[in-house]
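Q: Assembly of the complex is requested from the two constituent chains, each provided in isolation within its own frame, with the hints serving as guidance.
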Amino acid sequence: MPIRIHIPTPLRQHTDGQAVVEVSGTSVQAALDALGQKYPAITQRLFDNGQVRRFINLYVNDEDIRYLDNLATPVKDGDELSIIPAVAGG
Amino acid sequence: MPTSFVRGLKCRLCGKMYPKEPLNFCTEDFGPLEVDYDYEAIAEVLSRSKIEMRPENMWRYRELLPIDGEPTVGAQVGGTPLIKADRLAEALGVEKLWVKNDAVNFPTLSFKDRVVSVALSKAREFGFSTVGCASTGNLGNSVAANAAAAGLEAYIFIPADLERSKILGSSIYGAKVVGVTGTYDEVNRLCTQVAFKYGWGFVNINLRPFYAEGSKSMGFEIAEQLGWRVPQHVVVPMAGGSLVGKIPKAFQELAKVGLIEHARCRIYGAQASGCSPISTAVKNGWETHRPVRRPNTIAKSLAIGDPADGYFACKVIRDSGGWAEDVSDQEISEAMVLLGRTEGIFAETAGGVTVAVTRKLIEQGRIPRDEEIVICITGNGLKTQDAVAEYVEAPVIIKPSLEELAALVDGAAREPVLV
Chain B
-5 MPIRIHIPTP LRQHTDGQAV VEVSGTSVQA ALDALGQKYP AITQRLFDNG
45 QVRRFINLYV NDEDIRYLDN LATPVKDGDE LSIIPAVAGG
Chain F
53 MPTSFVRGLK CRLCGKMYPK EPLNFCTEDF GPLEVDYDYE AIAEVLSRSK
103 IEMRPENMWR YRELLPIDGE PTVGAQVGGT PLIKADRLAE ALGVEKLWVK
153 NDAVNFPTLS FKDRVVSVAL SKAREFGFST VGCASTGNLG NSVAANAAAA
203 GLEAYIFIPA DLERSKILGS SIYGAKVVGV TGTYDEVNRL CTQVAFKYGW
253 GFVNINLRPF YAEGSKSMGF EIAEQLGWRV PQHVVVPMAG GSLVGKIPKA
303 FQELAKVGLI EHARCRIYGA QASGCSPIST AVKNGWETHR PVRRPNTIAK
353 SLAIGDPADG YFACKVIRDS GGWAEDVSDQ EISEAMVLLG RTEGIFAETA
403 GGVTVAVTRK LIEQGRIPRD EEIVICITGN GLKTQDAVAE YVEAPVIIKP
453 SLEELAALVD GAAREPVLV
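Line order of the protein sequences matches chains B and F.
Be aware that the first sequence starts at -5, since it is given in this note's numbering, and climbs by one per residue.
Be aware that the second sequence starts at 53, since it is given in this note's numbering, and climbs by one per residue.
Here chain F stands alone, though its shape is the one from the complex (with noise of 0.2 Å):
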């Protein structure tokens, strides 16, 4: 059995090839490149039982995964709960919902764990020691810890105005954490050029085909923990586009090699109305977006104003049949409060962000009531305790006496406000 089914890097604009290379664009129009996989040879080997057999990790697809030989990097990753949501279906008025949570992905509580898993195998298979990313937080985070546990060295690039729990939790891991005074498209450009210029292995620059292929594995395990199905309708967060158009991609790959009957499914766009460039493309027809010069969202780990994949975000949304929207950083606060008191999930902002917008399509009617619906949680509230903190009461203080706690039960019966 081969080790790896990739044939190679395809520009997604023209299709022209290009070996197995840290390359993430096409030489000739810019256009972005993608891996490119042998479906027929994978169907041969893979099958549902196959892949039961094995432990619950994101690896446990990877033969639709681009590494060579075993995964040297993030071995335990992925495996996230798909939850059957009912009290909070109750609370949107929904009959059948499910949260797939990546708050609580290994190692860093985020998606980003799939995507840097791919990303530093390959650096490691390319013979690169020092690894960087651009971030808005939390794929920071899961470069410095997962570079820390590879022995590889980290840059990890960041605007300077992050949390300060997301600038932490890449700092503890002793990646070196650069700050940048401006938006994260600016730290991104700068990315670019010091990819460039020192050669390192920028897990979204130069490995970045190989990299966004890790996201795919949320989408399999969606369909495998629904029993080898696609539900009807799924919600994405959406920052640089990139998780937008790789669950379907995961959906019709299990088509293509014969472990799900088909991939049709609905793909909707979640942003915050502070930095929501895709989701206004989107409802406006446009082809693609127009850039935010300054986002301005409690959403940080979103606020990318020139998605990189915003065109393609737009045109899978569009072709799916889905729908973008965006929400007030106020119901981004009440989605997470929400989530976190129907179904004891602590999401990031995005998390509201994704619930807030779940809601809205299903007020606006674009979401059916009666039909299957799955949330993407791609981040952990832990990381962005400040946009809640207005909205959670304080605890009571009590000396350490019964009659005290007897006054407060039986005197003023505090229920749960759901704001």
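With the rest of the complex left out, here is chain B (with noise of 0.2 Å):
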């Protein structure tokens, strides 16, 4: 079983529409350079210079990769892998 990257509303026009992609790696960084590679054109949304975009937050099955081990967080099959928009509440 794949690890399920959830991409959000805004980010579906770079990946055919689709909501879900399913990728294979074994960390955060392996699972958004594979996603990469399927749709080139989401990795300048996701990354400035390398770094994940300011304004963006990266859950693995629900929780914050920032508190986890950022971009070397382990993930293995059947994690859900989501992208949401970081500009919200308060």
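In case anyone wonders, no lab produced these hints; they're calculated from the structure.
Since we're looking at a predicted model, the values are computed, not measured.
Ideal Cβ positions, reconstructed from N, Cα and C, are used throughout, including at glycine.
Check before you lean on any hint, since a few could be wrong.
Cβ pair distances, simulated, as ranges [stated by the list, open to error]: (1) ARG342(F) with ASP42(B): 14 to 22 Å; (2) ALA93(F) with PRO4(B): 24 to 32 Å; (3) ASP27(B) with SER181(F): 53 to 61 Å; (4) GLU104(F) with ASN55(B): 53 to 61 Å; (5) SER101(F) with HIS0(B): 53 to 61 Å; (6) GLU423(F) with ASN55(B): 29 to 37 Å; (7) GLU96(F) with ALA35(B): 38 to 46 Å; (8) ASN55(B) with ALA212(F): 16 to 24 Å.
Quick list of in silico lysine-lysine cross-link-like pairs, DSSO-like style, CA-CA up to 30 Å [claimed, not checked]: (9) LYS228(F) with LYS301(F); (10) LYS249(F) with LYS70(B); (11) LYS32(B) with LYS249(F); (12) LYS32(B) with LYS68(F); (13) LYS228(F) with LYS249(F); (14) LYS62(F) with LYS301(F); (15) LYS367(F) with LYS68(F); (16) LYS72(F) with LYS228(F).
A: Encoded structure:
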């Protein structure tokens, strides 16, 4: 079973309309690299000079990766990786 | 005259323009969108006298608020008192102090009525019939009440461990209140997913650019109530970090359209030590905050560990020459008591945070004792009574007899104790 990456609505124009993209990889970074290989236009939306953009949050199974090991956070088959815009609340 | 001076939404990072739509972030870089106004056109039509002729509520500044046509929600919001707080000033050892008192805002006793009236007026313009929010309490109360009055269906998402009175204060209006076992940030993340999935009008998600503008009315009122000028220092509580940016923005807009001479004012942010991502960043000189995973403070309305506007709050404080501080739960409760006993204002825990931080900044010498200070009280103490329960004396019980009272009054003259 692969890793399932959940794509927010505004980015789906870069994933042929797919809400979920399945990839394989052993870390968040590797999974997002694999996503970028499938859909190259998405990489520059997510990263700025190799860093995740300031107003994007990434979650592995609903846990914010900043409280785990950031991009080095390990992932395994069956994990859910969510890309969520950070400008909300307050 | 145009009914709106809004040109569209603009990304705060890359400047890309968007039409007026329920969208809170740039699809290029995820930066926050902000309402973009035609200030030249506003300057042509707006004057002090025109504003002064209008009713005393937030809509007297309507040209600088992002609605099309008449407000349809919250027509009576705002117009709260700015109080010259001489007794509190004396207690803090300063000369000129005012309290902007949104603890008596209408209808739900917090500054959130300002943002919600804009957000729900926009929700109606956009045709939403269901609205919602992620809330630490006050926002939920305001969305629930204003949605009820507007005939909108409302979903309120809160951390499940909120104060009872803040939960009841949403349920009473018939809103569907969803308690989520987790922190505010987890509630917020869930709501972002819900907003995408169900297409509801979430006031602080897809309606956020409009919503946040409502906070400016607190700043407009402060300037007008001071006689069309700004104070030298303003102290603002911080949760998501939005209000602390909107007060100076309000001053700058008033200057831009020629209603005040200048907008020079130092901005200070107040947080609780149990959840102080922004004040910690400011004190350490960081460019932005580091999120706090498990906030732990009695100031639950400020308990946002990962503030959406943390980066901008740090910047606005730094650029203004201000500072930020944070205070313990005990200092918060004591400051609530102090405000009550000096000014007769019962503020919620966030107000205790603001008063206690003001005292700290004065004692540190960061705010000079002889300059003008305005502190922003954003919520009402009746909603957070547990925070001061241990700090006030229980009533004395007597029989209905003059003798018993006389014994009490003459015997042990009870001076109110300032804790």
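Q: I want to verify a distance hint. Is the separation of the beta carbons of GLU104(F) and ASN55(B) within 53 to 61 Å?
A: 57 Å, holds
Q: Verify the proposed pairing of LYS32(B) with LYS249(F), using a straight-line Cα cut of 30 Å.
A: The hint holds at about 24 Å.
Q: Between LYS228(F) and LYS249(F), is the straight-line Cα distance small enough, at 30 Å or below?
A: 18 Å, holds
Q: Range first: 24 to 32 Å. Now tell me if the beta carbons of ALA93(F) and PRO4(B) are that far apart.
A: With a Cβ separation near 31 Å, ALA93(F) and PRO4(B) satisfy 24 to 32 Å, so the hint holds.
Q: If I claimed the Cβ atoms of ASN55(B) and ALA212(F) lie 16 to 24 Å apart, would that claim hold in this structure?
A: 20 Å, holds
Q: Taking the Cβ atom of GLU96(F) and the Cβ atom of ALA35(B), is their distance within the range 38 to 46 Å?
A: At 43 Å between Cβs, range holds.
Q: Does the Cβ pair ASP27(B), SER181(F) satisfy 53 to 61 Å?
A: Cβ of ASP27(B) to Cβ of SER181(F): about 42 Å, so the range 53 to 61 Å is violated.
Q: LYS249(F) and LYS70(B) were given as a pair; does the straight-line alpha-carbon distance stay at or below 30 Å?
A: 26 Å, holds
Q: Does LYS228(F) sit within 30 Å of LYS72(F), going by the straight-line distance between their CA atoms?
A: Given pair LYS72(F), LYS228(F) holds - Cα atoms ~28 Å apart, limit 30 Å.
Q: Cβ-Cβ distance between SER101(F) and HIS0(B): within 53 to 61 Å?
A: Holds: the Cβ-Cβ distance is about 54 Å, inside 53 to 61 Å.
Q: For the pair supplied as a hint, LYS62(F) and LYS301(F), is the alpha-carbon distance within the 30 Å limit?
A: 15 Å, holds
Q: Mind checking the alpha carbons of LYS32(B) and LYS68(F) for me, to see if they're no more than 30 Å apart?
A: 27 Å, holds
In this structure, the earlier hints numbered 3, 6 and 9 are contradicted, and the remaining ones agree with it.
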